[in-house]
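Colleague: Note that the sequence shown covers residues 1 to 296 in UniProt numbering.
Simulated from the structure, these hints should not be mistaken for lab results. On a predicted model such as this, the values are computed, not experimentally measured, just so you know. Here a beta-carbon is modelled for each residue, glycine too, at the ideal position from N, C-alpha and C. A couple of the hints might just be wrong.
Unchecked claim - With a straight-line Cα cutoff of 20 Å, these simulated SDA-like cross-link-like pairs (lysine to any residue) come out: (1) Lys181 <-> Leu170; (2) Lys267 <-> Leu250; (3) Lys140 <-> Glu182; (4) Lys181 <-> Leu256; (5) Lys181 <-> Gly157; (6) Lys140 <-> Ala257; (7) Lys267 <-> Tyr288; (8) Lys267 <-> Pro178; (9) Lys140 <-> Pro178; (10) Lys267 <-> Asp293; (11) Lys267 <-> Val95; (12) Lys140 <-> Asp86; (13) Lys181 <-> Glu200; (14) Lys267 <-> Gly289; (15) Lys267 <-> Phe283; (16) Lys267 <-> Leu256; (17) Lys267 <-> Gly96; (18) Lys140 <-> Asp88; (19) Lys181 <-> Leu193; (20) Lys181 <-> Asp209; (21) Lys181 <-> Ala238; (22) Lys140 <-> Asp156; (23) Lys181 <-> Phe223; (24) Lys181 <-> Gly219; (25) Lys267 <-> Asp292; (26) Lys267 <-> Pro222; (27) Lys267 <-> Ala238; (28) Lys267 <-> Arg251; (29) Lys181 <-> Arg132; (30) Lys181 <-> Ala146; (31) Lys267 <-> Ala253; (32) Lys140 <-> Leu175; (33) Lys181 <-> Gln208; (34) Lys267 <-> Pro294.
As the list claims (entries may be wrong) - Estimated spans, in silico, between C-beta atoms of each pair: (35) Gly241 <-> Gly157: 44 to 50 Å; (36) Glu97 <-> Glu183: 45 to 51 Å; (37) Arg215 <-> Gly173: 26 to 32 Å; (38) Asp292 <-> Tyr254: 27 to 33 Å; (39) Tyr254 <-> Gly17: 42 to 48 Å.
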Amino acid sequence: MTTHGFTLTAEGPFDFGASLRFVEDWPATGALPTDGGALRFAYCAESDWLPIGVRMTAAPGGAAVATTRAAGPRIRAEVARIFSLDVDGSGFAAVGEADPVVGDLQRRGPGLRPVCFWSPWEAACWAVIVQRSSMHIAAKIKARIAERYGARVTIDGEEHAAFPPPVSLLAAGGLGLPAQKEEWLRGLARAALDGPLTTEYLRSLSPQDALAELRALPGVGPFSAGLILIRGAGVPDAFPGDEPRLFALLREAYGLAEDAPAAVYRKVADAWRPYRSWASFLFRADAYGILDDPPA
Numbered sequence: 001m002t003t004h005g006f007t008l009t010a011e012g013p014f015d016f017g018a019s020l021r022f023v024e025d026w027p028a029t030g031a032l033p034t035d036g037g038a039l040r041f042a043y044c045a046e047s048d049w050l051p052i053g054v055r056m057t058a059a060p061g062g063a064a065v066a067t068t069r070a071a072g073p074r075i076r077a078e079v080a081r082i083f084s085l086d087v088d089g090s091g092f093a094a095v096g097e098a099d100p101v102v103g104d105l106q107r108r109g110p111g112l113r114p115v116c117f118w119s120p121w122e123a124a125c126w127a128v129i130v131q132r133s134s135m136h137i138a139a140k141i142k143a144r145i146a147e148r149y150g151a152r153v154t155i156d157g158e159e160h161a162a163f164p165p166p167v168s169l170l171a172a173g174g175l176g177l178p179a180q181k182e183e184w185l186r187g188l189a190r191a192a193l194d195g196p197l198t199t200e201y202l203r204s205l206s207p208q209d210a211l212a213e214l215r216a217l218p219g220v221g222p223f224s225a226g227l228i229l230i231r232g233a234g235v236p237d238a239f240p241g242d243e244p245r246l247f248a249l250l251r252e253a254y255g256l257a258e259d260a261p262a263a264v265y266r267k268v269a270d271a272w273r274p275y276r277s278w279a280s281f282l283f284r285a286d287a288y289g290i291l292d293d294p295p296a
C-alpha cells in the first residue's frame, strides 16, 4: 500500500506493547491480532467520515504511524486520541504515589494508557449493540455490520473492514438487531452527523455536562454515556456516576461496603484527578488480565 507516515510522541510514560496486549483481548475491536509488534486497523475518520487504514508500531518515546491516505492534523489527532497520546501523562505517576492501590496497578502495567474506540460514534454503537447481550455475541454482530455495510481497506496486503460511518448506517437495510436497537443506532447516526456525538463537541464541555447530553441521546443510559465519553472521546478526567462493574472492582480493591452509595466511589476517584479516566481504565485492564500478576 502507499503509506503516509508520522510519529506520535508521548508526554510521560507510554508502553505501546501494553496497548497491543489490551487490544488483542478487547472484544469491542474484534480482538485484533497484532503479530506482537504492529497493530493494523481500518476505521472511518471522524474528520470526514472517509475510510482510512492505519498501521502502528513502537517508536522511541511513542509510536510510528503509517496511514493509507494523507493524514492531516485532524487525523493525526484522532489516532493520538485512540491511544491517549494526546494527553500529557507526566503527572499520572503522582496519582499512584498518593493512592497505593492505583500505584500497584501502575507498577504492574507500566506505561499502559487508555485504549479508546476509533470514534465516539463507534463507541456509542457498541454500547447499544452490547446491551442485554454478551460481549462475544456483540462483537460478532458489530463485525457483521462492518463486513456488510463498511468500506474495505487494504493494509499490508490484507483487507480490513471499517465500521460504517453514520450516513451509511442511516441508509442501510436491516442490521440484524432488534427493532428498538436499530432505531437507536439511527438516532445516534443523526447525532454524529449533527455534531453532538463527536470528539470535538464532547471535549468542549465539562465532563458533567457531556455525560448529561449523552444520556439524552437515544439508547444511551448512564453506563453507555460514561463509555462514550471516556473510551470514545478519550476524556482523561471523568468518572461515571453509575457503573456497576467498575464499582464492584473498587469495592474489592478498597474494601468498600456492598451498599456503599455512589458518593463513596466518587470520593475515592477524586484522589485520581486529573486522571480519573486513566485510573479507572487500569482497574478494567486488571480485570481483563492485561496487567502483570501481583507478587506472591
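Colleague: Check each numbered hint from earlier against the structure, then list the numbers of those it violates in ascending order.
Modeller: 4, 5, 6, 7, 8, 10, 12, 13, 14, 18, 20, 21, 22, 25, 33, 34, 38 and 39
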